[in-house]
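Number of protein chains: 2
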Amino acid sequence: MEIAFDESSPQKEILRAALKEFVEYGQKGARMQSIADRANVNKALLHYYFSNKQNLHREVLHRVFRMAINSIYQSIDEADSPENQIRGIIRAYFSLFRQNPAIPRLMLLELNANSSDFIEAFTQVFQADTVPFPQKMIQIIEDGIERGIFRPVNPRQALLSTLGTVAFYFIARPFARQVLSIENEDQFIEERLEHIQDLIFHGLIKE
Amino acid sequence: MEIAFDESSPQKEILRAALKEFVEYGQKGARMQSIADRANVNKALLHYYFSNKQNLHREVLHRVFRMAINSIYQSIDEADSPENQIRGIIRAYFSLFRQNPAIPRLMLLELNANSSDFIEAFTQVFQADTVPFPQKMIQIIEDGIERGIFRPVNPRQALLSTLGTVAFYFIARPFARQVLSIENEDQFIEERLEHIQDLIFHGLIKE
DNA sequence: CTCTTGTTTAACTAATTGGTTAAAATATAT
DNA sequence: ATATATTTTAACCAATTAGTTAAACAAGAG
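First to last, the protein sequences are chains A and B.
Here this note's numbering is used: the first residue of the first sequence is 1389, the next is one more, and so on.
Here this note's numbering is used: the first residue of the second sequence is 1389, the next is one more, and so on.
Just to be clear, a hint being listed does not mean it is correct.
For identical chains, the list gives no copy identity; a pair is met inside one copy or between any two copies.
What the hints assert, rightly or not - Calculated cross-link-like contacts (lysine-lysine; reagent style DSS-like; alpha-carbon spacing at most 27 Å):
{"#": "1", "residue 1": "K1431", "residue 2": "K1416"}
{"#": "2", "residue 1": "K1400", "residue 2": "K1524"}
{"#": "3", "residue 1": "K1416", "residue 2": "K1400"}
Simulated from the structure, these hints should not be mistaken for lab results.
Note that the structure is predicted; figures quoted are calculated from it, not measured.
Construct the entire structure; sequences and hints are all you get.
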């Protein structure tokens, strides 16, 4: 399943094509003609709908990040135990990245380029709620430590390690496929989620 | 400390400048004039030494990856226990990325772009030894499992999780700095290495 | 000092690129 | 059927870009 540009229209086709192009080449390296080719439309249509390259880029960032944060927030059940909430977040992120591998790649690409569009999109989408998502997860980890469920780890470090472990496979997927000679990728990915839950919780859970 | 272009000459300045430009914008998005500006040389000099943009890009990839793998191989002491070998690898990678944050970023950028230059550089550098590095690390993990030191984890998954945890901070550094409100980064980085060793080994060590 | 080699530069060329435009085609409303 | 609005296109323009070149400069050898 792809990014939720679920209607088929020239505008959606352009956004879908632009996402692919920006993920591969960044804003500067992306070519408008190449986006038009991928979307099977005339290049002028890109300008008709989005005015210019930067606007198109911004629109793609906003849509991608909004979708990302929406699905993560929906995964948190505050009535559940800290352990289960963390497990739920891991599952939600993993599922999101599995279905939309472009998301972590685009985010990191934009981080590399120090894109002001990224900062803007990030601020608007990821910190729109009263408690931004990363703070929410830190609170869950702190709560787990207080209750004696988790070992007294550094919550910010634990957040980084958890997110990094989840994201890394999808970020480094071509590298991983070649280096590890993965033959059945669907099976490998199922095993990956199991392994992450196992490793993270052996690393966090107080025994 | 930077990438080991340790001499100061126009050629080294160009390579250093090119690395920065390619890390930010990729090969297509990088500008030769911008590289020349960063290196404080005339643009024609880039072509004088490296012929064209693609050659310059290749040269940068080769040098970066060669340096990366050299320092990792030097960190492995086969006479040591599997646990200490893994600890050594973690330390070596962490130290390498700390000193050269461009390395993980460049690798992931090239992965995104499906660069044939990357595949070539990767093949030449990372798999030049009789036992390529990833296989070496898998062997160490398997050995640890056989000796009863490690839990019976999936070695390939464990390799991904270990490398991912180490690399992620440096890949996502601007994101992490903003999201986690890091004030004293040197201290945070010291804590990060401790945390990684702690988390990974609570996750791997059989108790 | 002179000659040769290597380095560096300003100016240039040709191709590429983002963006524009007027006209044609299509869709919609009456 | 006609008029209007929207969408789409081929062709175009100006700016940008990679790469080239002849000449000037610097370094080295004899």
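Structure-based check of each hint:
no.: 1; hint: K1431 <-> K1416; in the structure: both (17 Å within a copy, 20 Å between copies)
no.: 2; hint: K1400 <-> K1524; in the structure: neither (33 Å within a copy, 46 Å between copies)
no.: 3; hint: K1416 <-> K1400; in the structure: both (22 Å within a copy, 25 Å between copies)
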